[in-house]
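**Q** All chains, please: the whole structure from these sequences, using the hints.
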Amino acid sequence: MQFVGPKIRFQCTLCGECCRRYWITVNLDDLARIYSRLGLLPSQVSALYPKSVAGSWDYPSIQVEGGEHYLVLRKKLDGACIFTKWEEGRLVCSIHDYRPLSCRYYPFIYRMDGVASFELFNGAVGYCPGVGRGNYHDLSGEASVIESSMAAKRRFEEFARRWNEGGGAGKSIAEFMHVLDKEVMELTPSLGGSLGNYGGQQTKQGSDGVTHY
37 MQFVGPKIRF QCTLCGECCR RYWITVNLDD LARIYSRLGL LPSQVSALYP KSVAGSWDYP
97 SIQVEGGEHY LVLRKKLDGA CIFTKWEEGR LVCSIHDYRP LSCRYYPFIY RMDGVASFEL
157 FNGAVGYCPG VGRGNYHDLS GEASVIESSM AAKRRFEEFA RRWNEGGGAG KSIAEFMHVL
217 DKEVMELTPS LGGSLGNYGG QQTKQGSDGV THY
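Going letter by letter, the sequence shown gives residues 37 to 249 in my numbering.
Everything labelled a hint here was simulated from the structure, so no lab data went into it.
The reader is advised that the hints may include incorrect statements.
Straight-line C-alpha distance at most 20 Å; calculated EDC-like pairs for lysine to aspartate or glutamate [as the list claims (entries may be wrong)]: (1) LYS87 <-> GLU104; (2) LYS87 <-> GLU183; (3) LYS112 <-> GLU53; (4) LYS111 <-> GLU53; (5) LYS207 <-> GLU193; (6) LYS218 <-> GLU194; (7) LYS112 <-> ASP94; (8) LYS207 <-> GLU104; (9) LYS111 <-> GLU123; (10) LYS121 <-> ASP133; (11) LYS189 <-> GLU104; (12) LYS207 <-> GLU219; (13) LYS87 <-> GLU101; (14) LYS189 <-> GLU219; (15) LYS87 <-> GLU211; (16) LYS218 <-> GLU201; (17) LYS121 <-> GLU53; (18) LYS207 <-> ASP174; (19) LYS111 <-> ASP217; (20) LYS189 <-> GLU201; (21) LYS43 <-> ASP174; (22) LYS207 <-> GLU101; (23) LYS43 <-> GLU155; (24) LYS189 <-> GLU222; (25) LYS207 <-> GLU194; (26) LYS87 <-> GLU201; (27) LYS189 <-> ASP94; (28) LYS218 <-> GLU193; (29) LYS207 <-> ASP217; (30) LYS189 <-> ASP149.
**A** Structure (structure tokens):
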């Protein structure tokens with residue numbers, strides 16, 4: 037995948053602040069990876085976050101009784117992602133090798149215009165302590181998963197459309213989660229090798245009005 041990007045120094049400090057600050061949006065492929073590795077269903081690890089609270093994000097919304105919502109990973113009582121854990125005083129990701137695509141790109145975002153164009157996420161400027169540290173960040177790792185990222189985006193958009201147009205606004209969250217579980221269980225075998233590790237830099241991200249998938 038051809039790409040262009042900024043020349044920025046970045047080295048994750050494992051501070052874990054992005055795991056606490058953001059709600060981490062997920063798609064079907066993200067949830068399939070978690071299900072494949074841990075045997076945990078989407079209904080066990082994800083939740084619907086009200087759009088009325090979140091505001092407008094660049095992400096497909098899910099309609100259920102009570103309004104529109106975004107599909108996100110659950111959080112612990114301390115506000116951190118449920119997949120974080122403390123190791124030697126640092127908050128690290130326990131599913132780093134198969135973390136959601138939104139986490140895979142942070143603190144960068146990309147836009148497609150013939151080639152992938154990367155830029156630093158505005159919300160990370162002056163907030164993420166890793167920005168400005170270490171060597172100039174090589175974005176080839178991020179670029180290597182763009183095609184699978186775009187395919188995952190299309191799958192989730194289609195799923196959200198089918199649910200919403202099928203009367204989702206009149207159904208409960210429990211009904212949505214039941215359908216989501218079934219969708220992910222059926223999808224997982226078909227993804228096959230695409231459920232492999234991401235590897236690379238330890239990065240974590242949620243959504244704050246910008247989509248990083």
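**Q** All hints, please: hold or fail.
**A** Status of the hints after comparison with the structure:
Between LYS87 and GLU104, the direct Cα distance comes to roughly 6 Å. Compliance with the 20 Å bound is thereby established for this hinted pair. Between LYS87 and GLU183 the CA atoms are separated by roughly 28 Å; this puts the pair beyond 20 Å, and the hint is violated. Taken as a hint, the LYS112 and GLU53 pair is honoured in the structure, with Cα atoms around 14 Å apart against an allowance of 20 Å. Note on LYS111 and GLU53: the hinted pairing holds, with a Cα-Cα distance of about 13 Å set against a maximum of 20 Å.
For the suggested pair LYS207 and GLU193, the alpha carbons sit about 19 Å apart, so the restraint of at most 20 Å is met. The suggested pairing of LYS218 with GLU194 holds, with an alpha-carbon distance near 15 Å, which does not exceed 20 Å. Among the hinted pairs, LYS112 with ASP94 is inconsistent with the structure: their alpha-carbon atoms are about 25 Å apart, more than 20 Å. Only pairs whose Cα atoms come within 20 Å are accepted, and LYS207 paired with GLU104 is accepted, the gap being roughly 12 Å.
Only pairs whose Cα atoms come within 20 Å are accepted, and LYS111 paired with GLU123 is accepted, the gap being roughly 18 Å. A distance of roughly 15 Å separates the Cα atoms of LYS121 and ASP133; the hinted pair therefore holds under the 20 Å criterion. Our distance criterion of 20 Å between C-alpha atoms is met by LYS189 and GLU104, whose separation comes to about 19 Å. For the proposed pair LYS207 and GLU219, the alpha carbon gap of about 17 Å is at most 20 Å, so the pair holds.
In summary, the hint linking LYS87 to GLU101 is supported, as the alpha carbons are separated by about 13 Å, within the 20 Å threshold. Proposed proximity of LYS189 and GLU219 is supported: the alpha carbons are some 15 Å apart, at most 20 Å. Among the hinted pairs, LYS87 with GLU211 is consistent with the structure: their alpha-carbon atoms are about 19 Å apart, no more than 20 Å. Our distance criterion of 20 Å between C-alpha atoms is met by LYS218 and GLU201, whose separation comes to about 18 Å.
For the proposed pair LYS121 and GLU53, the alpha carbon gap of about 13 Å is at most 20 Å, so the pair holds. Simply put, LYS207 and ASP174 have alpha-carbon atoms about 45 Å apart, too far for the 20 Å limit, and the pair is violated. Between LYS111 and ASP217 the alpha-carbon distance is near 19 Å, which keeps this suggested pair within the 20 Å criterion. Distance hint between LYS189 and GLU201 is fulfilled; the C-alpha atoms sit about 18 Å from each other, no more than 20 Å.
A hinted pair counts as satisfied when its Cα atoms are at most 20 Å apart, and LYS43 with ASP174 qualifies at roughly 9 Å. Between LYS207 and GLU101, the direct Cα distance comes to roughly 6 Å. Compliance with the 20 Å bound is thereby established for this hinted pair. Distance check on the hinted pair: LYS43 and GLU155 sit about 9 Å apart at the alpha-carbon level, within 20 Å; holds. Restraint check for LYS189 and GLU222: the C-alpha separation of about 17 Å stays at or below 20 Å, so the hint holds.
For the hint pairing LYS207 with GLU194, the CA-to-CA distance comes to about 18 Å; that is within 20 Å, so the pair holds. Between LYS87 and GLU201 the alpha-carbon distance is near 18 Å, which keeps this suggested pair within the 20 Å criterion. Restraint check: the Cα-Cα separation between LYS189 and ASP94 comes to about 12 Å, which is no more than 20 Å; the hinted pair holds. Between the alpha carbons of LYS218 and GLU193 the distance comes to roughly 17 Å, so the proposed pair stays at or under 20 Å and holds.
Between LYS207 and ASP217 the CA atoms are separated by roughly 16 Å; this keeps the pair inside 20 Å, and the hint holds. For the proposed pair LYS189 and ASP149, the alpha carbon gap of about 16 Å is at most 20 Å, so the pair holds.
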